[in-house]
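Peer 1: Below are the chains, spelled out letter by letter.
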Amino acid sequence: MNYLENRKYVIQAIFLVVGVVYALRLFYIQVVDSSYKQAAETNAIKTVIQYPFRGLIYDRNGELLVQNTPVYDLMIVPKEARNIDTLRLASMLDITLEDARERFKKARAYSWVKPSIFQQMLSTQDFAHIQDNLIDFPGFYINARTARGYPHQSLGHALGYIAEISPKQLEDSTYAGYRPGDYIGKAGIEMAYEEYLMGKRGVKYKMVNVRGIDKGSFKDGAYDTLSIAGQNMVSTIDLDLQAYGERLMNGAKGSIVAIEPKTGEILAYISAPFYDPNLFTGKDYGKNYMQLLKDPDKTMFNRPIMADQNPPGSIFKLTQALIALEDGVIDPNTRYACNKSLVNCHPHPSPLDLRGAVQHSCNPWFFQAYKALINQGKSKNTFTDTSIGLKDWREHVLTFGFGKKLGIDIPGEKSGIIASTELYDRVYGKDRWKYSTIYSLSIGQGELGVTPLQMANFMAIVANKGYYVTPHLIRSIGEDGKPLAENYERHYTSVKPHHFDPIIEGMAEVVRAGTGRKASLGKVGITVCGKTGTAQNPQGPDHAVFVAFAPMEDPKIAIAVYVEHGKWGGQSAAPIAGLMIEQYLTDTVTIKEQEKWVLSREYLNIRSK
Amino acid sequence: MSTTQHRVLGGKIVQPSSRRQSTSVFGNLDWFTVLIYFVLVALGWMNIYAVVYSPDNVVNIFSFDINSGKQLLWIGTGVILMIVLLVVDYKVYEHLAYPIYGGIILLLLFTLAVASPVAGSRSWLELGGGVRLQPAELAKFATALAISKFLSQVSLRQQKMRDQMILAAITFLPAIIIILQNETGSALVFGAFILAFFREGMSPLILIIGGSAAAIFILTLLVPKLYLLIGIAALMGLAMFLDYRLMRRFKTMIALFVLVVGMVFSVDYFVNDVLQPHQQNRIKALINPEADPLGYGWNVTQSKIAIGSGGFWGKGFLEGTQTKFDFVPEQSTDFIFCTIGEEHGWVGSTVLIALFLLLMMRIVYIAERQKSVFGRTYGYCVVSVIFFHFVINVGMTIGLAPVVGIPLPFFSYGGSSLWSFTILLFILLAIDANRNRELVR
Chain U
1 MNYLENRKYV
11 IQAIFLVVGV
21 VYALRLFYIQ
31 VVDSSYKQAA
41 ETNAIKTVIQ
51 YPFRGLIYDR
61 NGELLVQNTP
71 VYDLMIVPKE
81 ARNIDTLRLA
91 SMLDITLEDA
101 RERFKKARAY
111 SWVKPSIFQQ
121 MLSTQDFAHI
131 QDNLIDFPGF
141 YINARTARGY
151 PHQSLGHALG
161 YIAEISPKQL
171 EDSTYAGYRP
181 GDYIGKAGIE
191 MAYEEYLMGK
201 RGVKYKMVNV
211 RGIDKGSFKD
221 GAYDTLSIAG
231 QNMVSTIDLD
241 LQAYGERLMN
251 GAKGSIVAIE
261 PKTGEILAYI
271 SAPFYDPNLF
281 TGKDYGKNYM
291 QLLKDPDKTM
301 FNRPIMADQN
311 PPGSIFKLTQ
321 ALIALEDGVI
331 DPNTRYACNK
341 SLVNCHPHPS
351 PLDLRGAVQH
361 SCNPWFFQAY
371 KALINQGKSK
381 NTFTDTSIGL
391 KDWREHVLTF
401 GFGKKLGIDI
411 PGEKSGIIAS
421 TELYDRVYGK
431 DRWKYSTIYS
441 LSIGQGELGV
451 TPLQMANFMA
461 IVANKGYYVT
471 PHLIRSIGED
481 GKPLAENYER
491 HYTSVKPHHF
501 DPIIEGMAEV
511 VRAGTGRKAS
521 LGKVGITVCG
531 KTGTAQNPQG
541 PDHAVFVAFA
551 PMEDPKIAIA
561 VYVEHGKWGG
571 QSAAPIAGLM
581 IEQYLTDTVT
591 IKEQEKWVLS
601 REYLNIRSK
Chain W
1001 MSTTQHRVLG
1011 GKIVQPSSRR
1021 QSTSVFGNLD
1031 WFTVLIYFVL
1041 VALGWMNIYA
1051 VVYSPDNVVN
1061 IFSFDINSGK
1071 QLLWIGTGVI
1081 LMIVLLVVDY
1091 KVYEHLAYPI
1101 YGGIILLLLF
1111 TLAVASPVAG
1121 SRSWLELGGG
1131 VRLQPAELAK
1141 FATALAISKF
1151 LSQVSLRQQK
1161 MRDQMILAAI
1171 TFLPAIIIIL
1181 QNETGSALVF
1191 GAFILAFFRE
1201 GMSPLILIIG
1211 GSAAAIFILT
1221 LLVPKLYLLI
1231 GIAALMGLAM
1241 FLDYRLMRRF
1251 KTMIALFVLV
1261 VGMVFSVDYF
1271 VNDVLQPHQQ
1281 NRIKALINPE
1291 ADPLGYGWNV
1301 TQSKIAIGSG
1311 GFWGKGFLEG
1321 TQTKFDFVPE
1331 QSTDFIFCTI
1341 GEEHGWVGST
1351 VLIALFLLLM
1361 MRIVYIAERQ
1371 KSVFGRTYGY
1381 CVVSVIFFHF
1391 VINVGMTIGL
1401 APVVGIPLPF
1411 FSYGGSSLWS
1421 FTILLFILLA
1431 IDANRNRELV
1441 R
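Chains U and W, in that order, are what the protein sequence lines are. With my numbering, letter number 557 in the first sequence gets 557, and the count goes up by one each step, no holes. Converting from the second sequence to my numbering requires adding 1000 to each position, the first position being numbered 1.
It should be emphasised that the hints constitute simulated quantities derived from the structure, not laboratory data. Each hint should be verified, as a subset may be incorrect.
Stated by the list, open to error - What follows is a list of derived Cβ distance ranges for each label pair: (1) Asp220/U with Ala1354/W: 32 to 40 Å; (2) Val32/U with Leu1205/W: 36 to 44 Å; (3) Asn133/U with Leu1226/W: 44 to 52 Å; (4) Arg1245/W with Ala13/U: 19 to 27 Å; (5) Asp136/U with Val1039/W: 49 to 57 Å; (6) Gly1128/W with Asp220/U: 52 to 60 Å; (7) Leu1205/W with Asp136/U: 46 to 54 Å.
All figures in this text were calculated on a predicted structure; none of them were measured in a lab. Glycine included, C-beta positions come from ideal geometry on N, C-alpha and C.
From just these sequences and the hints, can you work out the full model?
Peer 2: Structure follows, in structure tokens:
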């Protein structure tokens, strides 16, 4: 019996060994290996990013331009989506089985491991139902986000758009705090005011059970941070005017920029052809973007601030005259003969004083006035004299906002070109060029490039008789609508206010009885001051320009209309400007024949002379 | 047995038998075991509450709407049951061992015939009023009684083939019926009696061969077959080289090796064709739960996460997230150990393991002090069953044993289980309290 009794030690040893092995194993998984703790956290504690509402954008009259719509996308990660009951899924989403299979295929084709949208923008009821059943569909999850919505389909170029942050931006320290998948302003106001619009992200730590159902906040929300909604903004845009301008430009190419002269507030900002900004909010964003990018009309080209290669044409004569007046080389009564041997012109009375020269846009007049400005005899050497004259002239021109970025509050602005001594020295060699080389500047051709925004700003300067406020699209940030002080600083030109009077009078004549008659609002008692222009285009029909402001006595709107291939400013651009001015000032349009003419697009068929 | 051992194992509570004068069952009761019993039951009850506890909706621990309240009912009735077991004449257990066994076998067959399947298992007997009984649980003590009775009449050492066959039949008859009821987990428990047989004289070779077979089975699933066989051949060669006696049994060794080869190659067949899919998955989960953490590996993975997240001191009572939020399945019954691991950490887990070791050591001690073979064998049967449950239940939660749906004794939620272990243990305590009346055979 004794030796059998000893077997109890064997049995007790087995117990002890098992106990010790288990205790050691527990020590390993509980104390040594920390991976289980992390797994438990990812298991039961869900980090939920609280995306703030992006700020809304209103027009100057309180009309909503940009809104947020909450959308729930059903996402799929094909790698994890195994053993899916496709039939049930299809019935849950109310799509056909074939459709569901097609979507699987598409998701797999896109990426095996990266999530893609299986069904976008679920309805709220669908969302709740699907959320509850998600456990049966591994690899699927719901992504809640807000999409931008544009109730008026207009103003795309100014508003810009938001899109997923790019991998390149993610590496950039400027964008620290952004995470993959975040949306960020990519152009226009959305990009420029990103820091105000985006708000502040919050984080919520939630406990969830195995079915992903919320079981309350972790540690009573001690580590949670609240999201702070982005700030709403008030734009300077007048939506009615904007929409009307878009209607007028529909089918054409070019720009309209309208500015309130005293404040620099941009009332209308049109780049034609334009696009519906809603194209950039949906699933087909990428496709739509590429399509627009490749389109031959260059829809994505933000013409008002980027088209800076075109000479301003005759409208620049006003600038030349103003500088000549300031420099004292002419006075309002200076007369020059219309000498067609200097530069070609069209039939009109001659000789003319300054007002008449503006009204008839007399090329030889400005040839001579500009020559007087450039060659003031400050040096006996003609070449040196021209160089000195051009240098002084250029300084004046720059104070008008030409040749530099005005500083509009959206990205992408170009500076334009203003002829300089350095440019001519480089092209012709120092002291190898004189007035006869550069005389086309006198009539706004040659080495000049001006953006439509700069043209409109120039009109604001004339309307203000000597200063401008940097044109801008956002009036105020936040609900209270307090204007941004930095947007309302006045920039004075080098020309004294009284010199503007004869120019303005000449411009009124242009519209009353000159080339800009189609912009006339005499019928409704509004005096429009304007100037036509034609930008020579070696590639095809010339581009038409018309700049104007009104009313003459107390200017409320300054406008530049640029119609590509519009040939004659008076035929295409002028009526558009007149219609815009009337619409803005009176909220109605009475010059219906002009509207009909513009909408008929007939002006594109006028034969060039 | 010497008094020295009494002191070592029993501590102060155990008195030398000469001083034991009381004839009352309660006077001679082994209160130390009773204490461990109640500590385990109370801890189990608190952990059952912790599982259902939800900070959003706090329900009183005593509420009968939740498991902890119901468990309290089982505990209360369990106390009545134990008093009955202690008061009944202890002779009954020995004298009525076979009738009890026979009755239970009939009950098992009856259950198999009439039970409607619950989750694929036909082991539950509806008693009416929502109360259900699982006769398979009762089969454990009945079989233990029958085995003890049989062994008190024959000796295993006499190597009589007939006796061994009868013993095997007594042991495995209930197991087979339980397998037919589709409760393979509970049936496996009957294999645990091998420990009791070992104590009573079974050849240790069976224990060694059984252990080796299990080891080879597991290794076959883990290691490429060729390497495994080369390794086994090398080991056998080494053994023969070291012990010249084995060299003389060369043919036996070759036969043994052939047997191993056969076993290694039949493992695949066994796993893929004999086992049911859910059983296959449990084997796979044991080998590599990470292969399919959301599928067959879910239980093991989640249970390890819950326990592992407890750390050294644990998250604190009612502070667990993994068990509370249903990440671990069956967390109040089969996976109750996860709650301890998560909320009480390594310290709590180790204390629980220590409690079980203490209980098992104490039962071995009690068994050894019996004067009758019946009492001693029964004691070993009791400890075998508890040990098997403990090894498998705790082992599966920490990935050291396959997932077999058997409860942690005294701890898991459930009336059948608690009653079954209470009966098992208190019959032993009843016999032990009366051991001085027993004459040495």
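Peer 1: Hints first: check each against the structure and report whether it holds.
Peer 2: Outcome of the hint check:
Asp220/U and Ala1354/W have their C-beta atoms about 35 Å apart, which keeps the hinted 32 to 40 Å range intact. Evaluation of the 36 to 44 Å hint for Val32/U and Leu1205/W yields a pass: the beta carbon distance comes to about 38 Å. A hinted range of 44 to 52 Å for the beta carbons of Asn133/U and Leu1226/W is consistent with their spacing of about 48 Å. Against the hinted window of 19 to 27 Å, the Cβ-Cβ separation of Arg1245/W and Ala13/U comes to about 26 Å, which satisfies the hint.
A beta carbon spacing of about 42 Å between Asp136/U and Val1039/W contradicts the range 49 to 57 Å that was offered as a hint. Between Gly1128/W and Asp220/U the beta carbons are some 46 Å apart, a value that contradicts the proposed interval 52 to 60 Å. The hinted range of 46 to 54 Å is satisfied by Leu1205/W and Asp136/U, whose Cβ atoms lie roughly 52 Å apart.
The structure fails hints 5 and 6 (numbered hints given earlier, in ascending order).
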